[in-house]
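Engineer: Take a look at the letters that make up each chain.
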Amino acid sequence: MSTDHDTISMLRDAVQRYTNDHYGFLDRAGVLGRAPGFSPRAWRDYADFGWLALRLPEDDGGIDADAAAIGVLMEAAGRRLLLEPLLASAVLGTGLLLRTGSAAQRQAWLPQLADGSVKLAFAHQDDANAPCVWRDGLLDGVKTGVLHGDVADRVIVAARNPAGDAVLCMVAAGDLAASSYRLVDGRGAANLRFDGARAEMLGQPGQPAQDAIALALDEAAVALCAEAYGVIASLVAISGAYLKMRKQFGKPIGTNQALQHRMVDMYLLQEESRALVNAAQQVLALPRAERERVVSGARAYVGAAVRRVANEAVQMHGGLGITEELDVSHYFRRAMTIDSLFGGRDLHMARFTAHSLTADQPGEQPCVPM
Amino acid sequence: MSTDHDTISMLRDAVQRYTNDHYGFLDRAGVLGRAPGFSPRAWRDYADFGWLALRLPEDDGGIDADAAAIGVLMEAAGRRLLLEPLLASAVLGTGLLLRTGSAAQRQAWLPQLADGSVKLAFAHQDDANAPCVWRDGLLDGVKTGVLHGDVADRVIVAARNPAGDAVLCMVAAGDLAASSYRLVDGRGAANLRFDGARAEMLGQPGQPAQDAIALALDEAAVALCAEAYGVIASLVAISGAYLKMRKQFGKPIGTNQALQHRMVDMYLLQEESRALVNAAQQVLALPRAERERVVSGARAYVGAAVRRVANEAVQMHGGLGITEELDVSHYFRRAMTIDSLFGGRDLHMARFTAHSLTADQPGEQPCVPM
Amino acid sequence: MTEDIQARAERLRQDIRRFCRDLPADLRSKSQRHQVLDKDDYLQWMRLLQAQGWAVGHWPREHGGLAWSPLERFVFEDELARHGCPWVIPFGVKYVGPVIYAFGSAAQQQRFLPKIVNNEEFWAQGYSEPEAGSDLAALRTTAVRDGDHYIVNGQKVWTTYAHWADWLFCLVRTGREARPQDSISFLLIDMKSPGVTVKEIRTMDGYHHVNEVWLEDVRVPVANLVGEEGGGWTYAKYLLKNERTAGASIGMAWHALHRLRELAQEQGPDGGRPIDSPLLSNRIGSLELRYLALEKAAYRAVGAMMDGTENGGEASLIKLRGTELYQDIAESLVDLLGAAGIAYDPAALHSAGLPPLGPDDAGGIIKDHFYNRAATVFGGSSEIQRNIIAKAVLGL
Amino acid sequence: MTEDIQARAERLRQDIRRFCRDLPADLRSKSQRHQVLDKDDYLQWMRLLQAQGWAVGHWPREHGGLAWSPLERFVFEDELARHGCPWVIPFGVKYVGPVIYAFGSAAQQQRFLPKIVNNEEFWAQGYSEPEAGSDLAALRTTAVRDGDHYIVNGQKVWTTYAHWADWLFCLVRTGREARPQDSISFLLIDMKSPGVTVKEIRTMDGYHHVNEVWLEDVRVPVANLVGEEGGGWTYAKYLLKNERTAGASIGMAWHALHRLRELAQEQGPDGGRPIDSPLLSNRIGSLELRYLALEKAAYRAVGAMMDGTENGGEASLIKLRGTELYQDIAESLVDLLGAAGIAYDPAALHSAGLPPLGPDDAGGIIKDHFYNRAATVFGGSSEIQRNIIAKAVLGL
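Residue numbers (my numbering), protein chains in the order written: chain B, 1 to 370; chain W, 1 to 370; chain R, 1 to 396; chain P, 1 to 396.
Don't take each hint at face value.
[To be verified] Result set (EDC-like, lysine to aspartate or glutamate): computed pairs, CA atoms no more than 20 Å apart in a straight line:
hint : chain 1 : residue 1 : chain 2 : residue 2
1    : W       : Lys251    : R       : Asp135
2    : B       : Lys251    : P       : Asp135
3    : P       : Lys199    : P       : Glu129
4    : B       : Lys251    : P       : Glu131
5    : B       : Lys244    : B       : Glu312
6    : B       : Lys247    : P       : Glu129
7    : P       : Lys30     : P       : Asp360
8    : R       : Lys192    : R       : Asp148
9    : B       : Lys247    : P       : Asp135
10   : R       : Lys192    : R       : Glu120
11   : B       : Lys247    : P       : Glu131
12   : R       : Lys199    : W       : Glu324
13   : P       : Lys199    : B       : Glu324
14   : R       : Lys39     : R       : Glu212
15   : W       : Lys244    : R       : Glu131
16   : W       : Lys251    : R       : Glu131
17   : P       : Lys391    : W       : Asp265
18   : B       : Lys244    : P       : Asp135
19   : R       : Lys237    : R       : Glu177
20   : W       : Lys247    : R       : Glu131
21   : P       : Lys199    : B       : Glu325
22   : W       : Lys244    : R       : Asp135
23   : B       : Lys251    : P       : Glu129
[As the list claims (entries may be wrong)] Going by beta-carbon spacing under 7 Å, a handful of chain B positions derived as facing chain W:
hint : residue
24   : Asn256
25   : Gln257
26   : Ala258
27   : His261
[Said to hold, decoys possible] Label-pair distances were calculated between CB atoms; the ranges are:
hint : chain 1 : residue 1 : chain 2 : residue 2 : range
28   : W       : Met10     : B       : Thr255    : 44 to 54 Å
29   : W       : Ala163    : R       : Arg273    : 24 to 34 Å
30   : W       : Leu138    : R       : Lys39     : 51 to 61 Å
31   : P       : Gly308    : W       : Met10     : 15 to 25 Å
What the hints contain is simulated information worked out from the structure, not anything from laboratory work. For glycine and all other residues, C-beta sits at the position ideal for the given N, C-alpha and C.
Please construct the entire structure, taking both the sequences and the accompanying hints into account.
Structural biologist: Here it is as structure tokens:
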């Protein structure tokens with residue numbers, strides 16, 4: 001079911017207003033690099049505004065938000081480089097719990113997700129030397145590169161049962177050993193070790209778990225696209241303003257046609273990215289093959305776009321572009337994580353390439369794709 | 001043995017003087033598209049100047065020219081879009097005959113190659129449905145896309161004997177059926193059918209023939225690189241002059257920085273192409289693996305460069321760029337044939353990629369590569 | 001955008017698909033093989049469209065149109081091009097017709113519009129001049145008033161199909177205002193007038209698409225002035241705006257991509273298929289991805305036009321991406337043809353003979369590769385489109 | 001270029017290879033892993049070079065150099081970088097030293113050159129200012145004569161290792177000539193002078209390489225003026241010319257390419273090797289091919305410098321291609337690292353600890369990727385280099 005236009009519009013206004021007022025670059029700088037690596041106050045505010053409950057059904061205090069509504073939040077995360085575990089907890093963790101959790105599990109966790117008192121992370125990347133195995137309620141193995149695994153209260157883990165079926169299970173932070181570090185963009189991550197950790201199963205093993213994982217990873221890809229669009233839009237705006245302001249040889253550097261044309265190419269990437277984000281948001285409910293084609297296409301294109309735009313923005317800012325003090329370098333680093341998290345660009349490009357757009361005759365193509 | 005600097009310098013002067021004076025764009029236009037598709041007068045002149053005998057030993061009236069000397073001629077072929085069968089006959093055909101022909105064969109043909117009365121072509125591309133088989137002095141099969149196969153007096157054919165060994169043999173034009181056509185750049189080509197055609201063997205079957213063919217194709221690649229460099233150098237000069245001359249919005253279009261920077265990128269490709277041409281000319285005598293790495297690298301890079309420069313030159317000339325009347329469109333078409341003839345760019349890129357430049361430790365690398 | 005409009009556009013697309021299936025065999029075969037079409041082919045084609053009411057579907061009903069939304073117009077151009085249909089020659093139906101019904105006198109509307117609707121007169125466009133390409137304001141062709149006539153002198157260039165045209169719509173200079181734009185007027189010139197000379201410009205595909213048109217003391221009745229003297233710049237801008245949607249470039253890209261994949265999937269004589277090369281597969285995938293991005297962005301742009309939320313860069317975006325993508329696909333097609341991609345026989349393209357090497361459409365593919373190098377120049381070069389976005393959208 | 005010169009250059013390369021094999025273990029390990037080097041590391045490194053006579057190998061013999069040809073100088077920089085050696089800090093040996101021996105007084109030569117040769121004083125470069133980056137002629141730092149001193153006021157920026165420097169060579173404005181270049185002078189400033197303040201600029205790799213240098217009423221003896229008042233522009237251009245060969249960018253590219261292929265050939269936990277992916281193999285091959293083109297073009301450029309057939313674009317060509325290639329290789333390396341390519345621990349790079357994920361040099365690879373984004377900006381941005389070629393070589 002799609003979130004209605006007015007709701008999205010109101011959400012957009014609210015998110016913009018809040019992040020403009022309370023998540024300026026200096027506010028963020030005060031949070032960055034200090035424990036816990038994000039702003040607990042902002043997190044409480046998000047909860048108060050209902051943003052952490054967006055995905056919840058209306059009966060549970062949410063709005064049953066679709067990908068477009070989630071995208072509003074993710075775009076803001078890109079525009080303002082939010083450091084809170086929105087993607088890990090409010091999008092992925094909450095989505096997995098909603099889709100696979102039992103009634104009891106939902107009842108136990110949804111209220112705490114909504115009020116922000118519990119943060120989730122999703123651990124999907126096995127260490128090849130120690131794959132995660134779930135057996136009789138206990139989990140062994142290692143997961144690497146878990147986004148916000150450093151601050152999650154509970155971690156949802158993709159594992160296998162002894163029969164080799166995919167399973168999803170949940171482990172409390174106290175029951176695992178986390179080795180925490182920062183990603184290049186300043187957000188926290190962790191490698192997690194499970195030594196017979198208590199792990200409650202979510203949903204059904206086998207194909208259902210596999211499907212849930214695949215969908216969650218596609219949701220992550222779409223959310224990252226929206227975040228990437230936010231980064232691109234910010235960098236286009238920042239760079240355009242800088243080209244008008246910065247003078248060299250007695251005139252604004254934006255009067256140089258070579259820079260103008262490169263700014264235009266950045267703008268074209270921005271417009272295409274926005275359109276692809278919208279398209280990808282609309283296919284999440286479709287059958288897997290159709291979903292994957294557009295999601296992976298969008299992820300590959302937008303991932304390349306955000307890297308390219310970030311490279312150009314840094315270059316246009318000259319020496320300033322590589323300083324810690326200027327926001328541009330922080331967008332550059334965010335672009336790297338966006339393009340890499342939850343399966344990098346090459347993977348998605350290969351998946352897109354495997355699905356031909358043009359194999360059918362014209363008469364078999366969908367009609368007006370709006 | 002390398003041709004000495006003074007000889008190359010004199011040859012360069014002579015070739016430039018002749019082609020400037022007698023091979024202007026209008027001279028060429030008078031030849032183009034009419035039988036025989038090249039200028040017999042220019043061909044006679046080349047013979048008179050000794051250019052068709054460059055590769056011959058001094059005893060046979062040549063100068064035993066190396067690839068750098070041949071490159072002077074090929075570069076001019078690119079700069080002035082020469083239509084004569086220089087590559088097919090004076091470079092490839094003559095080279096194959098010199099390297100594989102018996103004393104009697106050399107004695108029979110070298111004088112006629114030197115005086116231009118015999119033109120050779122090299123047919124190497126089998127029609128997959130009718131591969132060429134040589135048996136007891138007779139040849140059967142089909143070859144496609146034979147450059148200058150329309151005007152060659154004799155064709156050297158890469159075939160197989162009944163045992164499956166590679167052989168090289170020579171067929172007179174009267175003994176084959178040629179279906180002639182034009183390439184996009186106006187030069188002639190033909191598909192050739194041999195029906196029990198009389199074919200005298202050149203050299204030895206098996207590995208010797210294979211090696212001779214591989215070397216001939218590498219020589220063709222190097223010659224095409226030099227030709228491509230000639231095209232690039234002409235297009236850079238022509239486009240630069242046009243940008244200074246053509247006015248729009250009251251000033252020369254060359255004052256637009258975006259065009260300036262694109263011209264610079266064309267210039268960089270020109271300089272790199274020239275350096276790669278020189279490098280490739282110097283490795284032809286090396287063992288096959290070393291030869292192939294540099295030759296194929298040069299061929300792949302320069303092939304891409306000439307296509308890109310041609311695209312840019314056409315674009316910079318606006319509507320004029322795509323007219324038959326302007327030389328630019330003819331360079332564009334020549335760039336296509338250069339990048340395709342005797343094995344396209346993808347093949348060479350794959351060959352280059354298979355040879356790592358950097359697999360060795362620094363200490364094992366060659367020293368000063370000049 | 002309302003669901004009603006979308007539903008209408010979808011119905012139109014289905015209608016076009018049926019129409020394309022039922023094209024006359026000769027036209028279908030020629031256009032599938034990218035043969036050269038001559039004037040009779042084009043007239044037949046335009047009449048087929050007219051029989052459906054589509055050639056002027058975007059016109060208002062009072063002038064014989066179907067009052068299409070921008071979305072329907074886009075779908076129309078896109079879908080025809082997807083099927084590899086011939087070009088919908090725009091000079092009458094898309095360019096001059098709307099100028100006449102928007103700015104022309106009642107007499108001009110009566111005289112000219114029905115013959116455009118019914119394809120009875122063939123139009124050409126007299127805009128560019130040797131010294132006025134991207135900067136139209138620099139045009140030099142003059143029209144000097146002499147009683148009931150203008151005496152027109154000058155030279156136009158890149159005039160597509162002027163050698164077939166009955167009429168030329170033409171920008172001329174009728175005064176010497178301070179702003180050069182303010183003295184430009186919009187004249188309709190009968191190509192049979194004494195003093196009109198058409199001179200062929202052959203393009204690098206070996207064909208005759210475009211011309212120089214020389215105008216020497218050509219007498220044009222004042223009644224053929226559209227609107228006001230000095231108003232030509234306004235009408236020209238209206239025409240350009242009307243030219244905007246450019247769905248055809250997207251459909252053309254789709255058609256060429258489809259052919260590219262088809263060719264890559266054909267088994268070669270050695271049993272292998274080109275598509276099995278990961279590098280080629282990736283090259284095609286990258287082009288398809290650019291197509292996907294363009295398609296999605298284009299529909300957004302059409303939506304903005306319909307919602308009135310345009311920023312002025314939409315048309316430039318579509319033209320830039322569409323033409324540059326098409327050129328890259330065309331280059332990939334030629335590369336994929338290998339030896340057949342450099343074997344060219346222009347005569348065969350006229351006579352519907354076979355190309356010297358390769359598949360039946362090899363010659364047509366090469367021809368399109370050549371001629372479409374102009375796509376990034378004609379109708380406002382890519383450089384001009386980037387300048388427009390830099391100024392109008394980015395404020396640089 | 002004579003065979004003798006080539007033979008000397010080859011011998012030098014062999015000597016450098018032996019030297020690199022015998023580097024002290026700690027320096028070798030740090031530089032192989034792209035750890036952060038501190039001042040003591042650099043001093044150790046420069047002293048090792050000095051022991052060979054190489055740090056000033058390009059200087060004339062009378063000042064303690066080896067009178068290297070441009071080719072030897074190029075080979076020296078290239079070969080060190082190929083082995084992943086630390087940066088040869090250029091401010092003393094490459095930049096200010098030659099200016100002093102070419103234009104300085106006898107007293108200045110005696111005072112400064114030996115301490116540069118022996119690495120006893122650390123230099124920094126005071127060129128860029130907040131409002132004068134690529135257009136140095138716009139610089140605002142002033143030096144006003146007051147008896148035997150200049151009083152210097154202004155601000156320099158992007159001053160590499162100013163926090164370690166004993167001396168700053170500095171462009172200042174000493175007058176108000178019509179051409180702004182004509183009032184620029186070249187001053188040597190003791191960093192311990194009152195009024196000199198160094199303020200750290202942290203870069204996005206998390207480190208402290210560059211600084212702002214504030215100069216407030218700094219008294220500089222007139223004896224520290226190099227050459228003539230107003231001659232600074234000439235000396236600065238001489239310095240830039242002297243900076244030209246830039247072999248290091250080529251060697252660095254080779255080193256990074258070598259590491260890229262090595263990493264791609266390592267077996268993953270699933271038994272597969274990244275290099276077996278045709279797309280990755282092609283990506284690496286394409287970078288190697290760009291390297292080959294650059295290397296060949298660079299040797300041609302060095303040859304032109306030695307033959308005196310320069311056209312003025314050689315240095316720009318090498319800088320453009322070298323820096324852009326290196327950045328693309330660095331990006332490929334980070335991409336190849338996958339999850340380890342976004343896991344970053346700056347502290348570990350200082351303490352020689354291990355990165356959180358991936359091979360031992362993962363952190364160093366990421367650091368280089370960040371910091372080397374500046375390579376296309378510092379020392380004349382890519383845009384400026386293209387402007388130079390457009391003007392000097394193409395006459396546009």
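Engineer: Would you mind marking each hint as holding or not holding in the structure?
Structural biologist: Against the structure, the hints:
no.: 1; hint: W:Lys251 - R:Asp135; in the structure: 11 Å, holds
no.: 2; hint: B:Lys251 - P:Asp135; in the structure: 11 Å, holds
no.: 3; hint: P:Lys199 - P:Glu129; in the structure: 14 Å, holds
no.: 4; hint: B:Lys251 - P:Glu131; in the structure: 12 Å, holds
no.: 5; hint: B:Lys244 - B:Glu312; in the structure: 16 Å, holds
no.: 6; hint: B:Lys247 - P:Glu129; in the structure: 13 Å, holds
no.: 7; hint: P:Lys30 - P:Asp360; in the structure: 11 Å, holds
no.: 8; hint: R:Lys192 - R:Asp148; in the structure: 18 Å, holds
no.: 9; hint: B:Lys247 - P:Asp135; in the structure: 10 Å, holds
no.: 10; hint: R:Lys192 - R:Glu120; in the structure: 15 Å, holds
no.: 11; hint: B:Lys247 - P:Glu131; in the structure: 8 Å, holds
no.: 12; hint: R:Lys199 - W:Glu324; in the structure: 14 Å, holds
no.: 13; hint: P:Lys199 - B:Glu324; in the structure: 14 Å, holds
no.: 14; hint: R:Lys39 - R:Glu212; in the structure: 18 Å, holds
no.: 15; hint: W:Lys244 - R:Glu131; in the structure: 15 Å, holds
no.: 16; hint: W:Lys251 - R:Glu131; in the structure: 12 Å, holds
no.: 17; hint: P:Lys391 - W:Asp265; in the structure: 13 Å, holds
no.: 18; hint: B:Lys244 - P:Asp135; in the structure: 17 Å, holds
no.: 19; hint: R:Lys237 - R:Glu177; in the structure: 18 Å, holds
no.: 20; hint: W:Lys247 - R:Glu131; in the structure: 8 Å, holds
no.: 21; hint: P:Lys199 - B:Glu325; in the structure: 13 Å, holds
no.: 22; hint: W:Lys244 - R:Asp135; in the structure: 17 Å, holds
no.: 23; hint: B:Lys251 - P:Glu129; in the structure: 17 Å, holds
no.: 24; hint: Asn256; in the structure: 5 Å, holds
no.: 25; hint: Gln257; in the structure: 4 Å, holds
no.: 26; hint: Ala258; in the structure: 4 Å, holds
no.: 27; hint: His261; in the structure: 5 Å, holds
no.: 28; hint: W:Met10 - B:Thr255: 44 to 54 Å; in the structure: 50 Å, holds
no.: 29; hint: W:Ala163 - R:Arg273: 24 to 34 Å; in the structure: 31 Å, holds
no.: 30; hint: W:Leu138 - R:Lys39: 51 to 61 Å; in the structure: 53 Å, holds
no.: 31; hint: P:Gly308 - W:Met10: 15 to 25 Å; in the structure: 22 Å, holds
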